[in-house]
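So the protein sequences, as listed, match chains W and P.
Numbering of the first sequence is given in our numbering, commencing with residue 1 and proceeding in unit increments.
Numbering of the second sequence is given in our numbering, commencing with residue 1 and proceeding in unit increments.
What the hints contain is simulated information worked out from the structure, not anything from laboratory work.
Hints should not be assumed to be uniformly reliable.
Remember, identical chains collapse to one label, so a pair may be satisfied in a single copy or spanning two.
As the list claims (entries may be wrong) - Lysine to any residue pairs mimicking SDA-like chemistry, simulated, CA-CA at most 20 Å apart:
| id | residue 1 | residue 2 |
| --- | --- | --- |
| 1 | K172 | P247 |
| 2 | K113 | P247 |
| 3 | K206 | P46 |
| 4 | K113 | G61 |
Number of protein chains: 2
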Amino acid sequence: MSSLRVAVEPEHDPHVVGAVSDAGAELVPLDHAQILVWLGGPDGFPELPDSVEWVALSTAGIERFVDAGVLDDRRVWTNASGFYAQGCAEHALALLLAGTRQVVASARSRWAKDTVDPAVRTLRGATVVILGAGGIGRALTPMLAACGASVIAVNRSGRQVDGADLTLPASKTDEALTLADHVVLAAPDTAETRHVINDRTLALLKPHSWVVNVARGPLIDQEALYRALVGGVIAGAGLDVTDPEPPSLDDPLFSLDNVVITPHVANPAGRLTTEMAPFLAENLRRFAAGDDLISQVEVGRGY
Amino acid sequence: MSSLRVAVEPEHDPHVVGAVSDAGAELVPLDHAQILVWLGGPDGFPELPDSVEWVALSTAGIERFVDAGVLDDRRVWTNASGFYAQGCAEHALALLLAGTRQVVASARSRWAKDTVDPAVRTLRGATVVILGAGGIGRALTPMLAACGASVIAVNRSGRQVDGADLTLPASKTDEALTLADHVVLAAPDTAETRHVINDRTLALLKPHSWVVNVARGPLIDQEALYRALVGGVIAGAGLDVTDPEPPSLDDPLFSLDNVVITPHVANPAGRLTTEMAPFLAENLRRFAAGDDLISQVEVGRGY
Chain W
1 MSSLRVAVEP
11 EHDPHVVGAV
21 SDAGAELVPL
31 DHAQILVWLG
41 GPDGFPELPD
51 SVEWVALSTA
61 GIERFVDAGV
71 LDDRRVWTNA
81 SGFYAQGCAE
91 HALALLLAGT
101 RQVVASARSR
111 WAKDTVDPAV
121 RTLRGATVVI
131 LGAGGIGRAL
141 TPMLAACGAS
151 VIAVNRSGRQ
161 VDGADLTLPA
171 SKTDEALTLA
181 DHVVLAAPDT
191 AETRHVINDR
201 TLALLKPHSW
211 VVNVARGPLI
221 DQEALYRALV
231 GGVIAGAGLD
241 VTDPEPPSLD
251 DPLFSLDNVV
261 ITPHVANPAG
271 RLTTEMAPFL
281 AENLRRFAAG
291 DDLISQVEVG
301 RGY
Chain P
1 MSSLRVAVEP
11 EHDPHVVGAV
21 SDAGAELVPL
31 DHAQILVWLG
41 GPDGFPELPD
51 SVEWVALSTA
61 GIERFVDAGV
71 LDDRRVWTNA
81 SGFYAQGCAE
91 HALALLLAGT
101 RQVVASARSR
111 WAKDTVDPAV
121 RTLRGATVVI
131 LGAGGIGRAL
141 TPMLAACGAS
151 VIAVNRSGRQ
161 VDGADLTLPA
171 SKTDEALTLA
181 DHVVLAAPDT
191 AETRHVINDR
201 TLALLKPHSW
211 VVNVARGPLI
221 DQEALYRALV
231 GGVIAGAGLD
241 VTDPEPPSLD
251 DPLFSLDNVV
261 ITPHVANPAG
271 RLTTEMAPFL
281 AENLRRFAAG
291 DDLISQVEVG
301 RGY
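Please model the complete structure; the sequences and the hints are all you need to start from.
The structure is reproduced here in structure tokens:
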């Protein structure tokens, strides 16, 4: 059996090259490749030779590739959905705890015990709803459970998420939000999920609720979120993503004490290829064996 | 069998009164009590009649009672060590994640991706040392494990802490710190633990290390901590306690971007009696049965 021919573009990366080598595949120029590992965004994406049977993208969300018309149905496409799930879950937990335990408020004040003490809440016994419970949701569920929280997972199919106390289909999102103490957004950005958090759904939450978004900015109607935060409809928001992104530095959300915005670092750029490498090596083995690939994109659906 | 006679001072609290009632005990004035449940601090602690066989204090750390000479060896004393362990552990996790995932830095800047992204670290694969691994350590260990961290527990005896990857006796604190990515302080304040974090032990840590203290301020030599933070010896500190406490509002630690200080809220005042009540009920049952009490104080040791 001849070895797989893999191109890594737009430039080589030691972790990815190591994975290619580990899988017994051969690094070749794009012209001769069966497989393209693309480490960039949609800008500069190359014209693909017919020899390319599979394109491995390195981002979890690929809506920008979809919008740019990069995907086609003449070959297999994979994204990195789930590869960064553990880190994104940890970041979601960090934002949720920083909010509920008033670390954010404390970082902006000096020993404000009279206001901070009564506002501290515990995850123990709280109900956390994960909207779009795929890889991040599966990784986050045991972390929340270790803190004593109950988890309600919401996903498209309603197929049970291991460890979640309850899994509901997306059609029952309102029911889930009504039960929520807090909400973590972990869904892809699609027509169905856009502005899933809006004036109406925010009103289903509680005055002590925190909303955390480690997925994509457009899941939240940010003007509605601002109104809810100013009006005391919910307690706060921890956002790793914004709409637009990057946000304007005079976005009014930055001026609110009950909001913390991290600059899209749930999966830090410096760790991206480290995290991707073992999944790529496994997918190369699967490709050679003719097996289904991890994180294959449903081209028509866009994720 | 006549019912236990319990006084609750300096004033009644519904959660504590409920626990007394649940245990089938009787509320009486202090003059007639076998048991005093004391919900205050050492100031105003009453002269005890000889009838009092057991005093249940409501704080986990009792060094202020010890310093005030309140404890005697003519009766049994219990503190609340361990009653608030779950909440304190959650707070420690919140401070650690807020630091390592740069939520603190992000709360004080606006989309500073160039500085924040490279500084984000993950707990997955990190080694977290818990100094003084009693109740808080036992509660924190599974939370850290759920995030993929390894836990080294350090306690007086070195007796294995369930779930910890390694437990070391306090005599091996230096060895533990040398292995640490991050440190959580959860020890009582005693002569042995005072200033356990000092210039010398800080130098055993790593430039990316965060130090979290949810125990007592004097465990840290704060001037040494300040030097280590300014000098890049460690990455940051998350403190729920200070020395002195409350701190001066112009304490230089407040001016550092890599420090977050929460105002002693790991166990918020508003939740104290809620958390204490089930332990008190259990201890009343044990007292009636002549069994050993939970969290009995070794009067000579001071905790």
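- Query: If you check each hint against the structure, which ones fail?
  - Reply: Numbers 1, 3, in rising order.
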